[in-house]
Amino acid sequence: MSATRTDARPEPAASAPATLTMAGALNAALRDAMAADDRVVVYGEDVGPLGGVFRVTDGLQSTFGEDRIWDSPLAESGIVGTAIGMAMYGMRPVVEMQFDAFSYPAFEQMVSHVAKMRNRTKGRMPLPMVVRIPCAGAIGGVEHHSDSSEAYWTATPGLTVVMPSNPADAYSMLREAIESEDPVVFMEPKSRYWAKDALELPVRTAPMDRAVVVREGADVTLLAYGPTVRTALEAADAAVAEGLSIEVVDLRSLSPFDDETVSASVRKTSRAAVIHEAAQFGGYGAEVAARVTERNFHHLAAPVLRITGFDIPYPSPKLEEFHLPTPDRVLAALATWEWDLA
Amino acid sequence: MSATRTDARPEPAASAPATLTMAGALNAALRDAMAADDRVVVYGEDVGPLGGVFRVTDGLQSTFGEDRIWDSPLAESGIVGTAIGMAMYGMRPVVEMQFDAFSYPAFEQMVSHVAKMRNRTKGRMPLPMVVRIPCAGAIGGVEHHSDSSEAYWTATPGLTVVMPSNPADAYSMLREAIESEDPVVFMEPKSRYWAKDALELPVRTAPMDRAVVVREGADVTLLAYGPTVRTALEAADAAVAEGLSIEVVDLRSLSPFDDETVSASVRKTSRAAVIHEAAQFGGYGAEVAARVTERNFHHLAAPVLRITGFDIPYPSPKLEEFHLPTPDRVLAALATWEWDLA
Amino acid sequence: MPIVHAFGKALIGGIPSFHDGAMSLSVERPDTRSLPSQKPIRLLDNAGHAVHGSATGGFDLPDPATLLDLYRRMVVARRFDVQVTALTRQGRLATYPSALGQEACEIGAISALEACDWFFPTYRDSVALLTRGIEPGDILASFRGDWHNGYDQHAHRTASQATPLATQALHAVGLSHAARLRNDPIVALTMLGDGATSEGDAHEAFNFAAVWQTPTVFIVQNNQFAISVPLSRQTRAATLADKAVGYGMPGFHVDGNDVAAMFAVTRAAIERARSGGGPTLIEGLTYRIEAHTNSDDPTRYRAARDVEHWKRRDPIERLERYLVSEGALPEDVRTEIADAAEQVAADTRQVMTAEATIDPLELFDHVYANPRAALLEQRGRLAAELAEAAASGSTPAAHAGAAR
Amino acid sequence: MPIVHAFGKALIGGIPSFHDGAMSLSVERPDTRSLPSQKPIRLLDNAGHAVHGSATGGFDLPDPATLLDLYRRMVVARRFDVQVTALTRQGRLATYPSALGQEACEIGAISALEACDWFFPTYRDSVALLTRGIEPGDILASFRGDWHNGYDQHAHRTASQATPLATQALHAVGLSHAARLRNDPIVALTMLGDGATSEGDAHEAFNFAAVWQTPTVFIVQNNQFAISVPLSRQTRAATLADKAVGYGMPGFHVDGNDVAAMFAVTRAAIERARSGGGPTLIEGLTYRIEAHTNSDDPTRYRAARDVEHWKRRDPIERLERYLVSEGALPEDVRTEIADAAEQVAADTRQVMTAEATIDPLELFDHVYANPRAALLEQRGRLAAELAEAAASGSTPAAHAGAAR
Ligand SMILES: Cc1ncc(C[n+]2csc(CCOP(=O)(O)OP(=O)(O)O)c2C)c(N)n1
Ligand SMILES: Cc1ncc(C[n+]2csc(CCOP(=O)(O)OP(=O)(O)O)c2C)c(N)n1
Ligand SMILES: [Mg+2]
Ligand SMILES: [Mg+2]
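Residue numbers (my numbering), protein chains in the order written: chain A, 1 to 342; chain B, 343 to 684; chain C, 685 to 1088; chain D, 1089 to 1492.
Extracted from the complex, chain A is given alone in its bound form:
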């Protein structure tokens, strides 16, 4: 009745450290997941011979053949809808939405089925599937190529939403997402695809549902994810000169939210700011600010700041620089706090 894992292989031995981009790490994760479990199939627009518009699936079709990875017709609801059926059968489909904004035609399938199938069936029909979404902006893309869609998914109970910020996490979290019994919205910050790290594969970092303190500090906690982790780290570097010690938390998992790690950091520093590219109003930062405040109100010396894009549609390439949160803007925002109240 369902697909069985006929071809499970042991993990390959760890490779020698090599410099990999995030796109390369994702490619390796797909390759290793497909080798380890033949229920894993990959499809979407241009993922075959082209290897994806960001080359994340580069070379996979020549290794695994067209029955494991193929180009589908151009229809996102069709891609997600058929992936649901494939997961019902027992496969583990990994499908690609070409850009955030092009996942919107799949919205109904995502919200009305992907998110709800397990609950609807009292757990009898789980949907182990991954929807990969190259996300966010800062790549000079024309309209519709730089949206941040995470708030739509995180507002939907039943979806697990994660976003790596670096190659090691990209590899590890994608493997974990594919192994998950639950559907995962796997968001890949486009502007970080070419970020490099030296990695030994297969690497496994912290569990996918945990936030990680990526830089310790004493005065303020910056909560960042995906593309803004770098922004936060740069701000932290620059702040040293100003005598400010910044702790940076990479949220990694947007839903669920790792309250434990975040609250521990915030209680230590007593100040927090969340940074994201998306517009502020109704953005994911609202949830972060609200729950950090709920859980740590009496430890907070100041309101949780939201340092985000403006409340406007994502701008054209020549204007995006004015929209996106920069390290300067982070530091300027921190400076607005009434520090003496701490």
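Because the hints were derived from the structure by calculation, they are not lab data. Some hints could be false.
Taking lysine-lysine pairs in the DSS-like style, the calculated list, with each CA pair at most 30 Å apart, reads [unchecked claim]:
#1 Lys1127(D) to Lys1399(D)
#2 Lys464(B) to Lys318(A)
#3 Lys723(C) to Lys1399(D)
#4 Lys660(B) to Lys122(A)
With the hints as your guide, set chains B, C and D with the ligands onto chain A.
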């Protein structure tokens, strides 16, 4: 080139006060708007001879004919997408999505075009159109009939999102939405369709973008909208016995948010809670809590509470009572605050 | 059910793709495309006479044993449907979309499906689920409001009854494609309404199935209304089966009140799919005799005489006339079938009159494979509320009143 | 442009709806449906000879003046396209999707549209915009990254170039329906790609147009690829025009490298639409010679020889051969046209080499009709930042570096 308003008529004289349901008030608003401006056209699923599954368009086709109000093919992206074209021509389409969950197929048209057209064209191509969405639950509906979709729309810059809680506002705000130069997501709480009020039509209440203090109080501000305004008012009534004086604000406009009215209330009471049916995580209440806190942190005696549905898909009819915020639950939540810290 | 079917005679020859990139303009292949017959394929006419000639579309009348079995299933389905509508009027169900009058379409199609195959139904198709062996109480749990889905999908190889229109058609395509990748010779059959064909998802499902050549059978139950909206406002195509042409897929326009035709055409499509021939689109032209659901008022949008017209085309009576004229429905068999139908009705009454016990705390148990900490906190709060309510003797109903 | 067109001879007789609720089963109307010709309609063959007989689909070759005008427009379009691709390689544009090789499809279709009509293009259709009289700088503002749309839509009756695939087709249907409700005899023409036909929105647009009988013309530019995905993975239909059958709408499969055929068929469809005859679907079979955009690498998914094959079917050369053989392209005219094309290229270079001044504060000005208080606060913050940067002499570029 564009449709001209060929048939503008003076507003009808105010009628004698009559008892109207919210559905009746909405029907009257559509009728009066169609009479006042022949650019107003109404279409969607079952809005013609049937008068809509909630009877909001009852009798309009026999008055205005099939060129002004008609049944479209069954396709929500088609409905919203064609409405965009009609608005581009200069009409003022008012389209109906039958339930929140059935607006999801229109998500791409809503987010990628309705929200963005004015900005994309530097204001040269405004989209005066209204998307009516019977919303939320508590009507014993089977799956997909009780979703709360407001967080999806409020997270989208470019959309105006309003939700009346009573018949007078329903009439007034729908007239204003139709007159607006901007696209409006007009959300109608299904469980309030049969709520009655004595009204003289045409009534005009506070402007659509303003929140209204619907009950004055001294100790705490309850921020509610749509179906939860009644919940808040009932909680306020019940709280009197406990010696608690509750102020209730009907937000009315979800986007934009009326910071002025809300902050004034919160600064007076120093405590606020937001109530909604939708799940808490990533829900609209997160934005409310975050911005109220940002703007009033040093006036708050306690964190802004969120009293909401659980973080689960909307339950089946027999279980919805356990999911929805009730007056009891509101009072219980208020009791958890550390009142002595005020 | 041993079945002789008409496969091979039907006009469902392969429709190869004529495009392979660069060479399209030079292709001069024979044109094998064809339009579905505009007159619905029919094997039994309304008087219960066997049809001969081109109107059959080349399909053979199923043998008497098969027809008798189809008759039995339709009678049981009808009795069940009438019973559930009555229970709904009594307030035992939150809602029920009846298939009264559509039994030939429902039962003809579903009976052609093997137990190993998968079925992707809509809210309308409860009687098909019954025929597939699902217990009445399990079918109706969702309409009663107990939980969103009440049966074990894997055990019955039957997906939950989809409410978002046409969405399930894509699931059927995906599942059958997965099976094909595994060389598992099963077929997925999905039903959708005439209205649902207007949705983008219907288009995408037809197209994915055709391009991937999945073993999928699409049954469009054209009951001529989408709630209140008549077919003429839904499509301008001569038949809904015409849509198949645009996907390079065979399409059949079938008399949906002729269970013999529905069975024969569906069976042929299933066998074609199973043997690697790809998907088929079948339109069954029928009529919804009841309201859309109990909360609908059809007098607002259609004339009583139209309903009467279609009642005179009753699918069960049609087959009965044939069986009687062939001497294939002896009185004792008819009685036995009627008794069996009454038994199903009685069982249904019984299970739907009993209250199901539903634990509100289960609300939190199936959202994710592994419980989230924050959700467990919420579960704890509800557990405390329930405990307090139990201690103070107050009932959940108090809750309900307040919530409404 | 005075035009003799072939309307009336084409096989586009009205396709009435055969469904009107209750009576469908008894309908015995003549079957007027027909399949689009599988061989593309062609008025000029690749050697530049006029085609005769059934291959023309009953359409007449436009008169020499019209053909010369189409030639001129194609030459200018080609020169513009090549220029913009070059500028893109030089980094002057963020991206550019070239229509090289598709000029017959683009120009044939758009030239059939009157100034009073509306056009709903995609990102691919810049050359059609040029033909429609929009300035190069205004067309390219969005691809340069200045703003999402650079021209006045109302002035040119041309919607912005849609990126989300097939979405614009619904806008075209809505606008033309509105016009029809106003008895305004205009037509909306929209272009979409072969890949875009797979999207649900394409289906919904075709269906709404057919059911509402809107004056809409759908041009499917079948350039045989959707980025890297060939047509065979997009559809199994014999032709994309076949899709029209499923909507009860006329469909034409046209040689998209024959500008005469594209013009004649589109013109007939426009006139049909204008006179109340409803929508038409036209597939132009052509080929994308360039990469999808400058950031694409087509060597990964197609063979150089396929591209060569199609280069030998160049649409401009084809018409040129015909005009020359007819003596309708004197050397001085050819020179004049080439000069005009060079002038457009020069203008384009000039405008694209100059930097546009863009005020970042305009980001806040057009989101809503009336400024929101919270947005004005944000505007104020950016204004302060800019003022500070100006005062400290730092450039916005510093910003950009940090943001990336
Ligand atoms: C996406 C979506 N839009 C709207 C609805 C509301 N709705 C439920 S049934 C129905 C009519 C469906 O008609 P049809 O497809 O012909 O099926 P039938 O009910 O006649 O069996 C509508 C509009 C829905 N369930 N899903
Ligand atoms: C809804 C949507 N999904 C995906 C994309 C990304 N995308 C841009 S162009 C393209 C290929 C389109 O192919 P086709 O429709 O044939 O047009 P062509 O580019 O060949 O002119 C894709 C997948 C998009 N723009 N919109
Ligand atoms: Mg129907
Ligand atoms: Mg293409």
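query: Keeping to a limit of 30 Å between CA atoms, is the pair of Lys660(B) and Lys122(A) held or broken?
result: Holds: Lys660(B) and Lys122(A) sit about 15 Å apart, inside 30 Å.
query: Given the hint that Lys464(B) pairs with Lys318(A), does the C-alpha gap stay at or below 30 Å?
result: holds (15 Å)
- prompt: CA of Lys1127(D) to CA of Lys1399(D), is that 30 Å or under?
  reply: holds (20 Å)
message: Checking one constraint from the list: CA of Lys723(C) to CA of Lys1399(D), max 30 Å. Satisfied?
response: violated (47 Å)
In summary, the one numbered hint that this structure violates is 3.
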